[in-house]
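This is what each chain is made of:
Protein chains: 2
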Amino acid sequence: MMNLRTRQIVWLIPVITFLFLGAGDSEDSIKPLLLALVILLPAAKVSGWIVEKFGQPAVLGELLAGMALGNLGLVGFNGLDYLKNDSGLEILARLGVILLLFEVGLDSSLADLLKVGLSSLLVAIIGVVLPFGLGWLVSSLLLPEQSAYVHAFIGATLCATSVGITARVLKESNRLKTREAKIILGAAVIDDVLGLVVLAVITGLVIGAGSGAGASAGSVIWLVVKVSIFLVGSLLLGVFFAPRIVRQVAKAKSKGMLFTFALAFCFLLSYLSTVIGLAAIVGAFAAGLILEGVPFQEFLQEGEHSPEEMLHPISTFLVPLFFLYMGIKIELATLFRFEVIGLALALTFAAIIGKQACGLAALERGLNRLAIGLGMVPRGEVGLIFAGVGLKLKIGEQPILNDRVFAAILVMVIITTLLTPLLLQWSFSRHGASNQDANKPR
Amino acid sequence: MMNLRTRQIVWLIPVITFLFLGAGDSEDSIKPLLLALVILLPAAKVSGWIVEKFGQPAVLGELLAGMALGNLGLVGFNGLDYLKNDSGLEILARLGVILLLFEVGLDSSLADLLKVGLSSLLVAIIGVVLPFGLGWLVSSLLLPEQSAYVHAFIGATLCATSVGITARVLKESNRLKTREAKIILGAAVIDDVLGLVVLAVITGLVIGAGSGAGASAGSVIWLVVKVSIFLVGSLLLGVFFAPRIVRQVAKAKSKGMLFTFALAFCFLLSYLSTVIGLAAIVGAFAAGLILEGVPFQEFLQEGEHSPEEMLHPISTFLVPLFFLYMGIKIELATLFRFEVIGLALALTFAAIIGKQACGLAALERGLNRLAIGLGMVPRGEVGLIFAGVGLKLKIGEQPILNDRVFAAILVMVIITTLLTPLLLQWSFSRHGASNQDANKPR
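Protein chains in written order, with this note's numbering: chain R, 645 to 1086; chain B, 645 to 1086.
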């Protein structure tokens, strides 16, 4: 009798397990993501709404909400720790920032960007040289025992700019058409190229140090040439061919066709950017710039919305997920490590001053130079990528960035990322922007 | 000299590799997905457009395009084989079908569904009993050497209904408001519940056969009670609370807030469905039904779009990816295995006849019964999930479905899935639907 009952219980276990696990494995893969979306979508919207009540940009609320959700482990709740490594959430977040920069590109004009192109170039160059130098200086003062390679790599991580946050603040506050915005966006693209070059050179030097050879000037020049050909080429080819292709596609007279092709074009340039070594968002921004010049209104079917209007709900869904995810990835525990606090604050100071000064390089008169410098400050995910390279890069057996230095860089990334929306909003509302005409809500 | 050159070349390899791999690991994770989207989005749209030219539903074109792209290996090109197992694509596809059923729910009315509820119940019951019996019969005739458990499991796999394809065809052709559509949608929900029960019973019997115990009637009744409580409870609670919650959320007067909460509600019920063991799309459909009754127009901000309008671009982006992905997953090679062709065709015949007959069970007069039966035919991803369970379920050391039987079931799934859009469209255009008023384009 007892035996039979035990058997029945044993037999029930897999059935009950099966029922609670759903009808099959494949269904499970989406389950954690669904739960994440249930929590994150309202969290993003409500936190953004709350900080907006206090006159701050929504993106700050999203970052803070993400940070809170990602660090519940500190108060003993670990049920959401899986968010840090959920591949589904990561994919949606990355698509979100790609579509954000595509939208920003669609709101910008290539001609206008080129008008302030020289300022952008100067801002980008100063914004790479100065943080690099200051980073090296701080490193050589505070870490005298480390080699010049380490100083150089720390300098390199300070060059990165994460334009997502700035772009979001500019877009939220309807300031994308200001000259400041154009200078920042242009400089961010150039900065991504320069950052790539700096990282390639340092990586080359470090690997060369291991093998005894130096960095090859030829390969660095080839990198610059390749990236420039890609950027200039895709813009030129795009501006020439995009309207013609749109005209052909429009002949199908099928609703949603133009939108689908616009999306595919955004993903194409994003993909090619990653192939060439640039960030995917640089390609997305270029795709937006190219399509901005296409007169879609002429080609739309009756009752069909323009690609920009169609994009809006998708970005409403996905963009906040990116900033939440960025917040979730922040490990607050690293902020509380006293042994790194000195180095961390010194690097943060160097990172902010270095980028802040680059606003002075802009040529036009009457600009809000403070805002330009602030717009270049956030290191965000680009800073994390640079630091991640440093963790894997080794001289002999030692990684170029040890645990302590890595933690200090993380603190720098966190502080620059969280401060920017706050300071940028404050600077614009206090000092305004160069042409306030474009500042009206659309 | 030679040595130096070799060194330089060795040193160049990691740098060049690094450049072509992008600036860091994390960027790589999105790269295959970006390439997939570049190919799949236009492929879906163009193939849908082509088959529509021939009067067929776009979903058929998407399935065929997916099948073509997923089987390029047959002509020696394996560059896209990664699509079959790309987790990013799978996640977007699954979100796509969830949002499709959410949209379909928003287009349906709970009251109207309940009006034809008895018909739906009868259609679902006949649509489970008959295919189960026919599947058992075919199996016992063609596989006399196998045990009754195998016959029962094969019968169970024939019970599944994948409502995604039918819902898409109904939506595309503006037939969601017809009585036929309501009967099919209601029956599909009930079918998912019944299918779950059948699968649980058979699984229990098989596991019990291994351990020597029988299926426990108590656990099966508990399953039915649990699932019923969930469905009825979520609908009742939802209909009562949703308008009140929406009213509160609207007080924030923040654009996009209602849309965000609507999306989160859809994902919440989808998630709870998977927890209870139902398909995620059942919850998404229920969420749509509940929100359909909420007067969103009263609560929208100036210039804000309704959740349904906001949903449209997202589903334009994601829904075709689901059907493409379904096509990509089809291994054409299985169709060409002669040793399974007899069993495959017999099972397909049983699967179609079994569901086809259930249209006769609908009570209302003047219905297009052929269309109702056809709407229940596709097995799609649900059939694949059932078959997948059979591959893992073992009696002793033997899986309950051997390789040959599994291949035959796959063929049945493929044929029922591909035939449905074709036949359903044909049936509706030939015999019409019960109330043609609702058939006008909106």
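Hints listed in this document are in silico derivations from the structure and should not be mistaken for laboratory results. Misleading hints may appear alongside valid ones.
Because identical chains cannot be distinguished in the list, a pair is counted as satisfied if it fits within a single copy or across any two copies.
Said to hold, decoys possible - DMTMM-like mimics (lysine to aspartate or glutamate), calculated; alpha carbons at most 20 Å apart, straight line:
no. : residue 1 : residue 2
1   : 1036      : 751
2   : 759       : 789
3   : 897       : 696
4   : 899       : 975
5   : 821       : 730
6   : 821       : 751
7   : 697       : 751
8   : 899       : 952
9   : 759       : 946
10  : 697       : 946
11  : 895       : 725
12  : 895       : 1041
13  : 899       : 983
14  : 759       : 983
Predicted, not measured: the structure shown is a model, and the values here were computed from it.
For the identical chains here, do residue 899 and residue 983 meet the 20 Å Cα criterion within one copy, between copies, both, or neither?
Answer is neither; intra-copy 60 Å and inter-copy 45 Å both fail.
Could you place residue 895 and residue 725 in one of the four classes (within, between, both, neither) given a Cα distance threshold of 20 Å?
Classified as neither: same-chain Cα gap 50 Å, cross-chain 32 Å, threshold 20 Å.
Within a copy, between copies, both or neither: which one fits residue 821 and residue 751 at a CA-CA cutoff of 20 Å?
within (8 Å within a copy, 39 Å between copies)
Measure nothing new, just compare the shortest in-copy and cross-copy C-alpha distances for residue 895 and residue 1041 to 20 Å and report within, between, both or neither.
For residue 895 and residue 1041, neither the intra-copy (61 Å) nor the inter-copy (60 Å) Cα distance is at most 20 Å.
Could you place residue 759 and residue 946 in one of the four classes (within, between, both, neither) given a Cα distance threshold of 20 Å?
For residue 759 and residue 946, the Cα distance exceeds 20 Å both inside one copy (36 Å) and across copies (36 Å).
Up to 20 Å between alpha-carbons, please classify residue 897 paired with residue 696: within, between, both or neither.
Between copies, since 12 Å is at most 20 Å while 42 Å is not.
Reference check for the pair residue 1036 and residue 751, CA-CA at most 20 Å: within, between, both, or neither?
neither (38 Å within a copy, 52 Å between copies)
I want to check one pair: residue 899 and residue 975. Are their C-alpha atoms no more than 20 Å apart within a copy, between two copies, both, or neither?
neither (45 Å within a copy, 31 Å between copies)
First find the shortest C-alpha distance between residue 759 and residue 983 inside one copy, then the shortest across copies, and answer within, between, both or neither for a cut-off of 20 Å.
For residue 759 and residue 983, the Cα distance exceeds 20 Å both inside one copy (47 Å) and across copies (70 Å).
Within, between, both or neither, where residue 697 and residue 946 count as close if Cα-Cα is 20 Å or less
Between. Shortest inter-copy distance 19 Å satisfies the 20 Å Cα cut-off; intra-copy 39 Å does not.
At most 20 Å between CA atoms: does that hold for residue 821 and residue 730 within a copy, between copies, both, or neither?
Cα proximity of residue 821 and residue 730: none, with 36 Å in one copy and 39 Å across.
My question is about residue 899 and residue 952: at a cut-off of 20 Å on alpha-carbon distance, are they close within one copy, between copies, both, or neither?
Answer is both; intra-copy 15 Å and inter-copy 17 Å each pass.
Of the hints listed earlier, those the structure fails to meet are numbers 1, 2, 4, 5, 7, 9, 11, 12, 13, 14, in rising order.
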